[in-house]
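Given next are the chains, with one letter for each unit.
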Amino acid sequence: MNASILPAALTGAEPAPAPQQDFLLAVEGLTVSFDGFKAVNDVSFYVDPDEIRVIIGPNGAGKTTVLDLICGRTKASAGSIKYKGQELTKLSESAIVQAGVGRKFQTPSIYDDLTVFENLEISFPRGRSVFGALTFKRDAEVRDRIEEIASLIFLKDRLRERAEFLSHGQKQWLEIGMLLIQDPELLMLDEPVAGMSVGERIKTAELLNQIIKGRSVLVIEHDMKFVEDIAHRVTVLHQGKVLSEGSMERVQSDPRVIEVYLGH
Amino acid sequence: MTNPVQTLSKSLTVNDNPFMKPVEWLSLLLLAGVILVVLPLALDAFRLNLVGKYLTYAFVALGLVICWGYAGILSLGQGVFFGLGGYCMAMYLKLEASSVENTKIQSTPGIPDFMDWNQITALPWFWTPFKSLPLTLLLVIAVPVAFAFIISVAMFKRRVGGTYFAIITQAIAAILTILIVGQQGFTGGINGITDLRTLNGWDIRTDHAKFILYFVNGGLLIGCILLAQYVKKSKLGRILVAMRDKEDRVRFSGYSVAGFKVFAFCLAAAFAAIGGAMFTLQVGFMSPSFVGIVPSIEMVIYAAVGGRLSLFGAVWGTLLVNFAKTSFSESFPDLWLFGLGALFIAVVLAFPNGLAGIWREHIEPRLTRRAKSLRPPEPIAVPRGVPHGAPAE
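Chains as they are written, first to last, in full-length UniProt numbering: chain Z, 1 to 264; chain Y, 1 to 393.
If you are wondering where the hints come from, they were derived from the structure by calculation, not from laboratory data.
Any given hint could turn out to be false.
[Stated by the list, open to error] Examples of chain Z residues lying across from chain Y (beta carbon under 8 angstroms, computed): (1) G36; (2) F37; (3) A39; (4) F45; (5) P49; (6) L91; (7) E93; (8) S94; (9) D113; (10) E121; (11) S123; (12) V130; (13) L134; (14) R138; (15) M248; (16) E249.
[As the list claims (entries may be wrong)] With a straight-line cut-off of 25 angstroms between C-alpha atoms, the simulated DMTMM-like cross-links for lysine to aspartate or glutamate are: (17) Z:K203 to Z:E259; (18) Y:K21 to Z:E161; (19) Z:K82 to Z:E161; (20) Y:K246 to Z:E191; (21) Y:K157 to Z:E161.
In this text, all values refer to a predicted model and were calculated from it rather than measured experimentally.
Beta carbons are placed, not taken as given, at the ideal position from N, Cα and C, and that holds for glycine.
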């Protein structure tokens, strides 16, 4: 196997502990087939705590499917996904979220009929049961946290507006904010800058660099400039398999990657 | 201009999520005034009893506002829960009316008359709990809610939703009607349970009893409105709206979506059941014609006409459609069903938010404009064209 998939800590001189426990996320032999077509085929990769990992690859490479598998939206045909040693493939979607995995969708997925404040409030990790939601109190802790997140995602003065009136970029930020308020340890973002203006992209990169402290981020992105800005390591998927993995420079100089993805 | 951050933190400290806005308190006062004061003063005993009957349907419409309007779950089988609540009440009343003394001419005295006609010689086991009034009052809610719970858990855990769910609820309404009609010896068949007389010794057939039951019904309706308002105002209410919008986002925010849908559906069933029980008490019988597909769809039309997002609208819609039904079907009995269909089409095409939508979009703005023009001008001129909290771009 490729040595570069091991985290830097393990390749150094330190005495190697049991590897699984050091990875935040360990995906091994992950396979899913839809009517015989293997959208994801024997994919393995490992994400460290505090790492920003970017998954790139041509259309149909299975990038979004990998995220779907991790967050439980799609059930794996084979393989395992271990998050902090816990097997995710058998958990329900809400249990995976409660374990600390947050997911942003490709198109902004927010609640148009609610205000920005209410959008963030629903994502606040308290009162998630039916009874808890009935008795939920909008107290100072909730308000403070929502204001804090809102200023982080540049929406502080738009809290009372209905979310449908936000611009596309602002909707993307709002969804990132909704994830931040959950305080996940693993944040998965599907094309966070797609459809954004240049200014919005710069702000988003800045936002991502701010929010990664204390968490790992798994990002799918096509914008190579953006990927260079944020990625610690890059995994290249092609036809459902891992084609290459490593630092940005390493991946960019890999002839196989150039041929299927970067070349055109 | 004031600092936007300052104004924001100020506005956040005031209670920005009151239980009811002033206009909602006014709506409640208006509704309570009409139901509890104006109508009893204006109508004779017969007409008041008729309004009482209409208001029992308003419970169903209220449940549909939460279940359909807020949670987006269209149920075309609310008659099932209305009927179950009504039947539970009717079973108690029937047992009380079938004392050994009253039924001594039967071959088996002490059981309901229709059982005797169907050669049944002992009270079926599921009738026995209805000998007790407290147990009956509990079962009036518990039986329909338990049934709703089973249906909704089975459907929503499997992620059956939308049109499929609506069709299944409709099928259940049809099945239950056939079952009730077919099991004549146990249920009274197509005629239903009739000849109900007393509630714990109190004759419910007198004008005086009907007058009191009307107020009990009105009071329960206001209570249910307040309960529904609490649910709507809680975070659960906002989660229902969020679910209607983006179900997956709610799921991936750590909520078990099925649980919330089950809650909304069971709450709607509980409201419908209370309505059904009050129907039996006020009208004096219960029959399968209130369980089936047609009444279930009519109940959806009440909510749609009133406005499926408005609790008060649902009650007004129910009253309006039923008044129209009574007056039209008295003069043109053949045309009424066409009229009802046309009304539904008109509401869906032209007024998707029903009466409440017309009020909010056309009447309320005019009233506020009128009210403002009557008031003396404000001392400080507010700059025009820069709305409060104007967007940054």
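### Query
So which hints don't hold here, by number, going up?
1, 2, 3, 4, 5, 6, 15, 16, 17, 19, 21
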